[in-house]
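Novice: Chain by chain, the residues:
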Amino acid sequence: MSRMIVLGVVQFAIAAALVALSAWLIHGTWTHWSGGWHLQAAATAARAGNRTAQTREARAATQLLPDEAVAIMPEIDLMAPEGRERLVALQARCPSAQQGLVELAIALSDTLRGQPPGAVPADDAADATLLTELARLRSGAPGTPLSSLHDLGAPHQSVLAAWAVAEWRSAFAAQDWPRASRAAGLVATLLPDHPDAPLMRLAALVLAADLDADRLIHGVVAGVDRTRVLPFAEQLARIEPARTRAIMTTVLGLAATTTTAQRLTAEVAAVGDQGLSAAWVQQDCLANGQVDLARSLIERMPEADRGLVQTALRNRVGDLAELCVYAAAEPACRPRISVPVVDGALISFQLSNDYGMLPQSNLVITLDGAAVAPAAILRLGPVIGVRTTGHGPGLHALGVLGGEHPIYAGNVGL
Amino acid sequence: MILIKQILSYLILLGLVLGVVYGVRHLLSRVTVSSDYTEIEVPDVDRSPSYALKVEPLSAMEGGEAVAYSIPQDRTGQGNGNGFAWIAGMPGDMVAITKGVLLVNNVPEGHCPAMPTQADCPPFPVPLGHLFVVTTGHATDSIARGPLPQPLILGVVESFP
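Protein sequences, first through last, are from chains Y and B. The working numbering numbers the first residue of the first sequence as 1 and each following residue consecutively. The working numbering numbers the first residue of the second sequence as 415 and each following residue consecutively.
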């Protein structure tokens, strides 16, 4: 009987130990699984550029796995000095297998904060090269092609992405557009879920040496908030004005067959809340001869800019009478002519102003006080020719007027 | 007699436990996808909702193999579920996109259809712990979602049925 009791007690003890062991294993497994799940969510948030969600998920992972470097690091802000201090503290207590990872994170933090990159694990040749390049870019030096990494092995994603973003910023600041195009393509490929990735795709295509309008128009910015895309597209159009049509047709979601007038109307509608600046759209309208559309934008412009725009409009319209009146307020608008040159029976001169205005209307020319018939006035841009048929040799009084306002009065000898 | 009975009951229990472990492992080594999944096309193969997987470390995988992976949610919340893709680039391989063609170590990748609307990308190394994977439709592969991190890889597809 006693033997049976002992056997029962031993079996109970073994069963109890097994239950405790199972509970411990289940708890550990659950903790690691949950921590891993939060880590994966943090990584996804980081790829999508959602810093708030990244921090929230990383903190949850940190609570579950307090000694795991991979769980704690996503929560740390590498740009902040406190972040570096936390990494140093983490390095002291994390498992030896993760020491190299923390060491690399410290080096990346140093580089991002403008410090010289510190020690990098010996077997991370690609990371060391990228960090050196990153430090050079942040100091304002030009970048080098990434093909130099060939045969150096695989770098860490975070280091590669940090280098790519720095390369894009450096190339853009240096106005090296082919290099900026390549860097934008790299950023878009490495971080395609980031909210700015469509803008990078747009920049890669627009700034490329050869513009392929078909590639551009096939939805590179589909589904992206217009208020983010349009200001960036405007900036790209300022850089590459010859590609304005392709850029704006794409970002405004217009058909490839859209006419210039339709595109400009869409641009005018996108001024203000949607992100295009009135000043730039007005310039685009004027460059395409849509004066009325340009004029419609004046009311939507800041008060300080309206004078300049009205000046630009007046010069574009080229009404000489209006410009003569307006010259009282803006002397640079005053029309003036070059010294008249006589060649046989033709008097010629250039008529313009400081803004390079082309005269369009209200041009009156008199010879000896009589108005010259319009048919006798030849115009080629700012160059004016006056046929003097019917006037004999000798000095003649030449008058040039903007409507009733005198621009020039003098004598010419035929 | 009692001892024999107890040993037998322990053996039965052990058998049950091993059976459960084997069953769970078998379930985990298979991956299912929705029937309308069209991201990868395998010619002359009957589509099946379930494929056998071989779980192995990244270092044992090779370019050209098919992997199953968990599709991470993107910023719009799209992408839950499993998917298949071909391995185009292993860690350290130089990947580039030139005029819509995916180049791996300067050689056009065989499984990746042309991408006429894709922006060019200069050569870059596939990061550590990542795979560059491609599919037929490019909706959930590395072209659309970036290099695939190791935790999302479920395993190598041993064979398509």
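Any given hint could turn out to be false.
Unchecked claim - One-sided excerpt, in silico: chain Y residues whose CB lies under 10 Å from chain B:
id	residue
1	Ser2
2	Met4
3	Gly36
4	Ala154
5	Val159
6	Leu160
7	Ala164
8	Leu191
9	Pro192
10	Ala204
Don't read these hints as lab results, they were simulated from the structure. Ideal Cβ placement from N, Cα and C applies to all residues, glycine included.
Novice: Which numbered hints turn out to be false for this structure?
Specialist: 1
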